[in-house]
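Residue numbers (our numbering), protein chains in the order written: chain S, 1 to 385; chain W, 1001 to 1350.
Bear in mind the hints are in silico, worked out from the structure with no lab data behind them.
Ideal Cβ positions, reconstructed from N, Cα and C, are used throughout, including at glycine.
Any given hint could turn out to be false.
Unchecked claim - Facing chain S, according to a computed beta carbon distance under 7 Å, are these residues of chain W, among others: (1) Pro1197; (2) Glu1224; (3) Arg1304.
Said to hold, decoys possible - Facing chain S, a subset of chain W residues (Cβ under 10 Å, in silico): (4) Val1024; (5) Val1152; (6) Leu1221; (7) Pro1243; (8) Asp1258; (9) Glu1281; (10) Leu1284.
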Amino acid sequence: MTAPSVAPIPGAHPLAVDALLDDSSVEIIVCCGSGGVGKTTTAAAIGLRAAERGRRVVVLTIDPARRLAQAMGLAELDNTPRQVEDIDTTKGGRLDAMMLDMKRTFDDVVLAHTSPDKAREILENPFYIALSSSFAGTQEYMAMERLGQLHADASSNGDYDLIIVDTPPSRSALDFLDAPKRLSSFLDSRLLRLLSTPARGPIRLFSAGMGVVTGALTKLLGAQVLTDVQTFVAALDTTFGGFRQRAEDTYRLLQERRTAFLVVAAPEPDALREASYFVERLRDDRMPLAGLVLNRMEAPAAVHVSPERSLSAAEALAESGQHPVAAAVLRLHGERMTRAARERRLAERFASAHPGVSIATVPALSSDVHDLPGLRQIGTRLGGE
Amino acid sequence: MPKVNVERLRSASVTRRESDWEGVRLHVVTGKGGTGKTTVAGALALALAADGQTVLLCEVEGRQGISRLFDAPSLPYDERRIAVVPRNGATAGEVYGLAIDPEAALTEYLEMYYHLGRAARALDKVGAVDFATTIAPGVRDVLLTGKVYEAVRRKEKKRVHDRPTYDTVVLDAPPTGRIARFLGVNAGVADIARVGPIRRQADSIMALMRSPQTAVHIVTLLEEMPVQETSDGIAELRAARIPVGSVIVNLARRGPLDRPTIEAASADQLPRADFVAALHETGLPADDATVEGLLTDAREHAIRVAMEDELRTRLDDLGRPIYELPRLADGADLGALFDLAGELTKQGMA
Ligand SMILES: Nc1ncnc2c1ncn2[C@@H]1O[C@H](COP(=O)(O)OP(=O)(O)OP(=O)(O)O)[C@@H](O)[C@H]1O
Ligand SMILES: Nc1ncnc2c1ncn2[C@@H]1O[C@H](COP(=O)(O)OP(=O)(O)OP(=O)(O)O)[C@@H](O)[C@H]1O
Ligand SMILES: [Mg+2]
Ligand SMILES: [Mg+2]
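Could you build all of it, start to finish, from the sequences and the hints given here?
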């Protein structure tokens, strides 16, 4: 199966993906974008391409499709990078991949920063369980935590020289940039401070209305729950003190020149609106943007037969009743060409609204991308071959 | 308020037959993220309104998806009319929108069961409300489903008694991965609270969620991951004894090739000579590259169709009614939403 390629977008700088992958000063690439546009596929494809071009790569994926995970040898969610077999290592590269397990990452932080007894107490606490598995933004937060760990390890032992990060789908928000702040403000909330210092007595902290508050809490939650909350909160300070610091460090790491962001989008009005939002948000946060990947572009093969001509030919044949099969295929071609033209107009509009943003295009393959040859094909298109 | 394209809806309502979901009062729309839950929920609400119903469309994720879809200003925690659907000159139905906010719902709840006006404000001040609605997702879901239940059960006092305020409620729900836990959250409450008002409320909500008055519809695309999530979601809903409604295939493509042509294309057996003749006849270039290009287009299309067929078979095997919505060329703007509503009516969903 050979995929046709997409002609360059007028007015847009082509994104030099190979140059990016070959640049040894780039140590981290983050793929972000809205839901279902191809973030995981892009992350895996550039990981494979970089490795086959000689880099030592680890790809941190989030919720990959089952078959893609299998193809990369990721049978289970175990939070440790696994080497991907069957890749071309003649240039001295390697490819490891892992699936993020957010609860496991959270648990590891607890285990690393407390005594075993204390850790067990925390891990079994119902509030810890709720927080670690479903606090809004936990997945993003843990992706950042894991990225920080991988980068620290890579700097000390030199296992990897390129970390590629997939992100959870986000809409109208770069949740992985906001999550650390959200968690911080939660940890700093007056309630938590209040609950964590019961011994000093709430009255002194909040003179008015405190009796009402504790009374209401007990009435609502019951005494046991209140105790659980207090144990959990008391443990938070010791364990998670360093949390915030690390989150801020990772945030700054993302702003450095050794990081590059790729915004992935589908060539559709809404997805491109989202992409514009991401581009602006990254600029506001001074995060280095490498460019936009326009994924799944319609790319018909018989490019020199225009949509108008093939549709009117199909029409004429349908009227005469001759060559019905060819007529249907001409109609199909006309529809695909129409769609391709519309997508190009959208891309051009994006390019003129964001003149500084380089763009790479990837055609829609006729089947899903679930194996290494498929990823290699996406990589080839990204490399502009 | 948006202007309604009367013509489009009229043609939809004229061809109307009995809906597949008579008796359902709560339509829950879920699906993998980004598959079109909000769009489908909006289209379903319009389709029900075109049938003369008063419909409440609610969202629970704080994303203001409904107001965006209906080009309306952001919704406060308050029901606003967002569309009026006229039929044959007279008003047929209305759609109201509500963005349920867990914090406001908590305050309402505390007031209702504990008369905690002042304490609720004090709790809010120290961040307890934030705490309860963020860290303990169970609490948040109890509040959100509680509000949905209230809207379904609410009666209009001014009208003839027994007439509900809303004929139906359409819920733009959390994604498939969380739907069974979300709708079933009150079963857990019943385990903790043995008696009292909370217990009674939890039992009533679960009774509604598990009754034939509720139907959970799952939106999917003809792609591996959304189909997998659909089948996982159905299994979880069944285990929670919550009634599964239909499967809605969104963004479906309707290609011009018939079955035999698709089969010939995938077997690489399309009649080349026929193509050359057809191109000559219509004055198009008939060189090898063009013929080869057209055959490639057809072959690629056939591969995609074969994959989609396989996924359709998997969806058929789930044993639920299936509706299909086409991909609209210019995205789902308000006008297009009426087209999708007409499509749902035609297929019997409303
Ligand atoms: N260029 C392409 N051609 C054909 N199929 C593609 C292409 N890119 C991605 N896909 C397919 O589209 C689906 C979604 O891709 P992917 O999982 O990478 O998206 P995502 O942005 O990571 O999604 P999510 O937001 O759910 O994490 C997958 O089934 C993948 O195989
Ligand atoms: N039938 C359709 N034709 C064209 N575009 C569509 C169609 N259905 C949905 N869309 C577009 O797809 C995008 C996602 O749709 P929508 O917001 O309804 O999905 P969702 O499942 O609610 O997403 P989320 O999980 O983010 O809440 C939107 O841009 C919408 O306009
Ligand atoms: Mg993904
Ligand atoms: Mg939505």
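Here's how the hints hold up against the structure:
Contact between W:Pro1197 and chain S, as hinted, is not supported at the beta carbon level, the nearest pair being about 12 Å apart and thus beyond 7 Å. Interface hint status for W:Glu1224: upheld, as the beta-carbon distance to the closest one in chain S is roughly 5 Å, under 7 Å. Taking 7 Å as the C-beta contact cut-off toward chain S, the hint placing W:Arg1304 at the interface holds, the least distance being around 5 Å. Proximity of W:Val1024 to chain S is violated relative to the hint, the smallest CB-CB distance being about 28 Å (cut-off 10 Å).
The criterion of a C-beta within 10 Å of any C-beta in chain S is not met by W:Val1152, whose closest approach is roughly 25 Å, and the hint is violated. Nearest Cβ of chain S to the Cβ of W:Leu1221: about 8 Å, under the 10 Å cut. The hint holds. Because the beta carbon of W:Pro1243 sits about 25 Å from the nearest beta carbon in chain S, more than 10 Å, this interface hint is broken. Contact between W:Asp1258 and chain S, as hinted, is supported at the beta carbon level, the nearest pair being about 7 Å apart and thus within 10 Å.
For W:Glu1281, the suggested interface contact is upheld, since its CB lies about 7 Å from the closest CB of chain S, less than 10 Å. Checking W:Leu1284 against chain S by beta carbon gives a least distance of about 6 Å; that is within 10 Å, so the hint holds.
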